[in-house]
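K.L.:
Each chain, written out:
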Amino acid sequence: MFAYLVRRLFLMLVTLFGISIVIFLLLRIVPGNIVDILFAAAGYVDPADKANLEKELGIDQPLVVQYWHWISGFLRGDFGYSYVSEKPALQEILPRIPITARLAGLALLFSASIGIPLGVISAVKQGTRLDYALRIVSLSGLSLPSFWLGLLILTASVAMFGQMPIFNPNPQTWLEAFATYAVPAAAVGFRSAALTMRITRSSMLEVLRQDYIRTARAKGASETAVNYRHALKNAILPVITVIGIEAAFLIGGLIVTETVFNIPGVARFLVEAIRWRDYPIVQNLVMLMAVVVVSANFIVDMLYAVFDPRIRYTD
Amino acid sequence: MRSVWALAAMAALSVLTASTITLAGDPKQGGVLRMYHRDSPGNASIHEGATYSLNVPFMPIFNNLVIYKQDEAQNRMDNIIPELAESWGWVNDNKTLTFKLRQGVKWHDGKPFTSADVKCTFDLLMGKSQQKFRQNPRKSWYNEVNEISTNGDLEVSFNMKRPQPSLLALLASGYTPVYPCHVSPGDMRTHPIGTGPFKFVEFKANESIKLTRNTDYWRKGRPYLDGIEFTIIPNRSTAILAFVAGKFDMTFPTEVSIPLLKDVKTQAPNAVCVVEPNNVATNIIVNSSAPPFDNVDIRRAMAMALDRKSFISIMFEGQGDVGGTMLPPPQGLWGMPKEMLESIPGYGPDINANREQARKLMQKAGYGPDKHLAVKVSTRNIPVYRDPAVILIDQLKSIYIDGELDVVETANWFPKVARKDYMLGLNLTGNAVDDPDQSFYENYSCGSERNYTNYCNKEIEKLFDVQSQETDVEKRKKLVWDIDKKLQEDVARPIIFHARTGTCWQPYVKGVTVMSNSSYNGYRYEDVWMDK
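Chains as they are written, first to last, in the working numbering: chain D, 1 to 315; chain V, 1 to 532.
Think of the hints as simulated: they come from the structure by calculation, not from any bench.
Heads up, some of the hints might be wrong.
With a cut-off of at most 30 Å between alpha-carbon atoms, the simulated DSS-like pairs for lysine-lysine come out as follows [claimed, not checked]:
| hint | chain 1 | residue 1 | chain 2 | residue 2 |
| --- | --- | --- | --- | --- |
| 1 | V | Lys420 | V | Lys161 |
| 2 | D | Lys50 | V | Lys360 |
| 3 | V | Lys204 | D | Lys55 |
| 4 | V | Lys397 | D | Lys55 |
| 5 | V | Lys119 | D | Lys50 |
| 6 | D | Lys50 | V | Lys376 |
| 7 | V | Lys111 | V | Lys262 |
| 8 | V | Lys397 | V | Lys376 |
| 9 | V | Lys204 | D | Lys50 |
| 10 | V | Lys376 | D | Lys55 |
| 11 | V | Lys486 | V | Lys360 |
| 12 | V | Lys128 | D | Lys87 |
| 13 | V | Lys204 | V | Lys360 |
| 14 | V | Lys139 | D | Lys87 |
| 15 | D | Lys87 | V | Lys111 |
| 16 | V | Lys416 | D | Lys50 |
| 17 | D | Lys87 | V | Lys420 |
| 18 | D | Lys55 | V | Lys161 |
| 19 | V | Lys132 | D | Lys50 |
To be clear about the criterion: a stretch of chain V counts as covered by chain D if any three or more of its residues have a C-beta under 8 Å from a C-beta of chain D, and this derived list gives those stretches [as the list claims (entries may be wrong)]:
| hint | segment |
| --- | --- |
| 20 | 182–192 |
| 21 | 197–208 |
| 22 | 245–257 |
| 23 | 411–417 |
| 24 | 466–477 |
Glycine included, C-beta positions come from ideal geometry on N, C-alpha and C.
Let the sequences and hints guide you as you build the complete structure.
P.N.:
Take a look at the structure:
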């Protein structure tokens with residue numbers, strides 16, 4: 001188990017190093033930099049002003065020097081200054097993380113709490129009307145883009161209630177805070193819930209046909225015990241994998257959801273920063289996300305080992 | 001029933017369009033005006049920007065020496081009023097403009113305002129200061145200013161190289177606030193200090209901008225509002241829905257398109273909406289330094305193929321204006337009269353006849369039904385640029401030109417134009433001040449940084465100077481018309497149309513005036529109040 005842990009940890013560090021190079025180079029490959037954008041917006045260019053600004057921001061230096069400045073700063077916790085706001089990048093990024101984390105957490109919670117039970121029900125009731133209904137729900141979840149669903153929710157709220165669930169930065173009560181996040185989380189989590197439901201269903205159907213399930217039934221175990229204690233426990237591994245992957249993919253859905261619901265989280269902020277080619281923000285934010293995703297994968301791997309003894313015994 | 005409502009909404013809209021000023025009873029103090037903002041401005045320094053995304057939230061922080069009257073829709077020389085100046089006068093054969101300054105004005109940090117601040121601001125703008133702006137897009141506005149001199153704390157003079165009566169118009173723009181000497185340009189980008197009716201509280205990028213009432217404002221009893229809060233909502237649908245749901249008191253100025261305006265009036269029938277020209281001209285930039293548009297016949301043919309009214313009817317449901325470089329009357333002060341405009345090739349009302357002539361020119365250049373000219377029409381990847389580019393491509397087909405749309409990200413647009421890496425470009429040109437000096441020198445003078453096409457006609461340039469020095473408005477107008485006509489005939493930068501856009505606010509918001517010949521100058525908000 002220890003060797004397994006060390007190997008995964010080493011792989012994690014190598015992956016992060018590779019990601020840092022990719023992030024850095026991709027940003028430089030994209031045409032235009034902050035100086036081009038600033039002058040494009042002003043509709044003129046003065047070569048001397050442009051050169052001064054490039055020097056001031058350090059983007060006139062060789063790429064290796066720029067990379068070293070960034071990565072050494074990142075490791076020290078010095079994220080530099082945003083090119084646009086001229087404030088410390090960390091100061092810009094940090095307040096937005098809890099907003100997106102809450103939204104993502106709620107979306108994942110929504111995904112798991114809706115997707116897993118409905119997936120189990122769908123599998124257990126295979127071929128019934130309920131199963132068909134749930135499959136239609138899950139298919140629509142996979143088919144509806146979250147931005148469209150979000151806009152539909154907003155339009156319906158305004159048309160039906162004359163109100164809209166737009167972000168409230170200072171919720172007064174716990175309920176208000178929940179309401180601020182619940183609707184967008186449901187909008188973004190719907191697709192994820194649908195996927196979880198489908199994976200749970202197919203995984204459960206496979207497990208429910210196994211001999212040990214028949215044995216459990218023969219021994220007189222209740223349906224609930226068979227479905228949840230025996231079947232679900234064995235069917236959950238692919239579901240955990242999917243939820244882990246979804247946690248990473250969620251950021252894509254959050255970008256549009258944060259835009260539609262006007263939530264000032266990191267996802268929307270990242271898109272804006274890319275638009276401005278605000279390297280310190282984009283590099284550090286993407287790197288932080290990479291750390292989170294790689295760590296989440298690491299945790300999922302560890303959970304595999306916990307749930308499946310074959311893995312820890314093999315290693 | 002829906003159509004009845006739609007008709008009623010349209011009728012109300014037409015009435016409201018005619019009157020842009022909200023009239024009401026006695027103004028009330030208090031309340032925070034909530035407005036959405038269309039995007040997150042790069043910084044908070046008006047002098048370093050070239051978009052009204054900066055003017056709208058930050059103009060209330062400042063004062064100018066002089067300003068266009070904020071409760072009149074049309075910006076004119078005769079409605080320029082003193083602000084930080086108490087009075088002004090031209091002396092020395094109209095080569096010196098002297099301002100007497102207001103006494104007792106304080107910056108928001110408590111320091112006194114003096115003539116030194118005025119000198120500092122304009123020295124910075126002219127590039128004569130030790131400190132520098134990161135960007136200085138309107139440096140050319142002050143090309144004719146020799147130096148700024150002060151006489152004590154309360155008098156400042158602009159000493160000119162030659163008379164330029166329009167300098168006053170430039171100084172009255174929302175783009176010309178006075179900055180404090182004691183705050184660096186860098187600090188002004190992040191935490192602006194002004195003398196204006198509202199103080200800066202905070203600017204959270206992509207989130208919000210907050211201003212609060214300046215209780216120590218020199219104009220007693222103003223502002224009426226306790227503050228202004230801008231929530232940044234780049235998604236237009238969300239923003240409009242939020243306005244309809246009552247989350248905002250006002251839309252972002254001139255940001256409601258005509259089709260969206262109909263939605264607003266249907267869903268929020270009590271909202272007050274006005275439609276005005278925003279003095280932004282949609283035009284074509286032509287790379288005349290390379291084939292095929294180095295051929296003047298092809299350039300002329302292209303200009304003659306334009307059906308301007310179709311653009312306006314498709315994009316603005318008829319609410320737009322056909323004109324030359326200068327905004328057409330009645331909102332525009334300097335636009336050519338209709339008869340003169342229609343005498344320019346391509347502006348005549350018979351589109352088929354225009355196109356027939358254009359086809360002849362194309363045939364003369366070697367193109368025809370069997371030999372089409374393939375061109376790329378480059379434009380920014382933004383709907384207001386992209387949509388007319390598509391219509392343009394369609395119209396060019398009628399004269400044997402096959403256009404291909406080349407959409408360019410904003411970051412790459414200007415570098416591409418600057419290195420002349422385009423054949424035809426669909427461009428938008430906004431005018432901060434409805435004055436020929438701003439428009440002509442900036443866009444058409446030889447060597448100007450914003451003269452993207454490098455059009456250079458020394459004869460016309462001489463006329464620029466003649467009109468610029470003319471003090472008789474009627475004489476100057478005729479000169480300007482002649483210049484504008486010549487620019488269109490030369491296909492210097494063919495103007496397609498001048499857009500109109502809408503602004504809406506809730507019925508309890510009073511004292512809002514939407515400017516009708518500029519979208520850069522009307523955001524001091526000191527006369528705005530809320531009746532609730």
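K.L.:
For the pair we were handed, D/Lys87 and V/Lys420, check the Cα-Cα distance against 30 Å.
P.N.:
Violated - the C-alpha atoms of V/Lys420 and D/Lys87 are around 36 Å apart, more than 30 Å.
K.L.:
Holds or violated: the segment 411–417 of chain V covered by chain D, criterion of 3 or more residues with Cβ-Cβ distance under 8 Å?
P.N.:
holds (count 5)
K.L.:
Using C-beta distances, would you say chain D covers the segment 245–257 of chain V, given that this needs three or more residues below 8 Å?
P.N.:
holds (count 3)
K.L.:
Measure nothing beyond the straight line between the CA atoms of D/Lys87 and V/Lys111; if it is 30 Å or shorter, mark the hint as holding.
P.N.:
25 Å, holds
K.L.:
Are there three or more residues in the segment 197–208 of chain V whose C-beta lies within less than 8 Å of some C-beta in chain D?
P.N.:
Our answer is that it holds, as 6 residues pass the Cβ test (under 8 Å) against chain D, meeting three.
K.L.:
Taking only the CA atoms, is the gap from V/Lys132 to D/Lys50 under or equal to 30 Å?
P.N.:
It holds: about 12 Å lies between the C-alpha atoms, which stays within 30 Å.
K.L.:
Could you grab the alpha-carbon distance between V/Lys416 and D/Lys50 and see if it respects the 30 Å cut-off?
P.N.:
OK: V/Lys416 and D/Lys50 at ~16 Å, within 30 Å.
K.L.:
Is the hinted pair V/Lys119 and D/Lys50 satisfied, with a Cα-Cα distance of at most 30 Å?
P.N.:
Since the Cα atoms of V/Lys119 and D/Lys50 sit roughly 25 Å apart, the hinted pair holds (cutoff 30 Å).
K.L.:
For a C-alpha distance cap of 30 Å, please report whether V/Lys420 and V/Lys161 respect it.
P.N.:
At roughly 33 Å apart (the allowed maximum being 30 Å), V/Lys161 and V/Lys420 break the hint.
K.L.:
Quick one, are V/Lys204 and V/Lys360 close enough, alpha carbons at most 30 Å?
P.N.:
With Cα atoms ~58 Å apart, V/Lys204 and V/Lys360 exceed 30 Å; violated.
K.L.:
Quickly compare the C-alpha distance for V/Lys111 and V/Lys262 to 30 Å and report which way the hint goes.
P.N.:
Judged against 30 Å, a Cα distance of about 48 Å means the pair is violated.
K.L.:
Hint check: V/Lys128 vs D/Lys87, CA-CA at most 30 Å. Holds or violated?
P.N.:
Cα-Cα ~28 Å, so holds.
Hints 1, 2, 4, 7, 10, 13, 17, 18, 24 from the earlier list are contradicted by this structure; the remaining hints agree with it.
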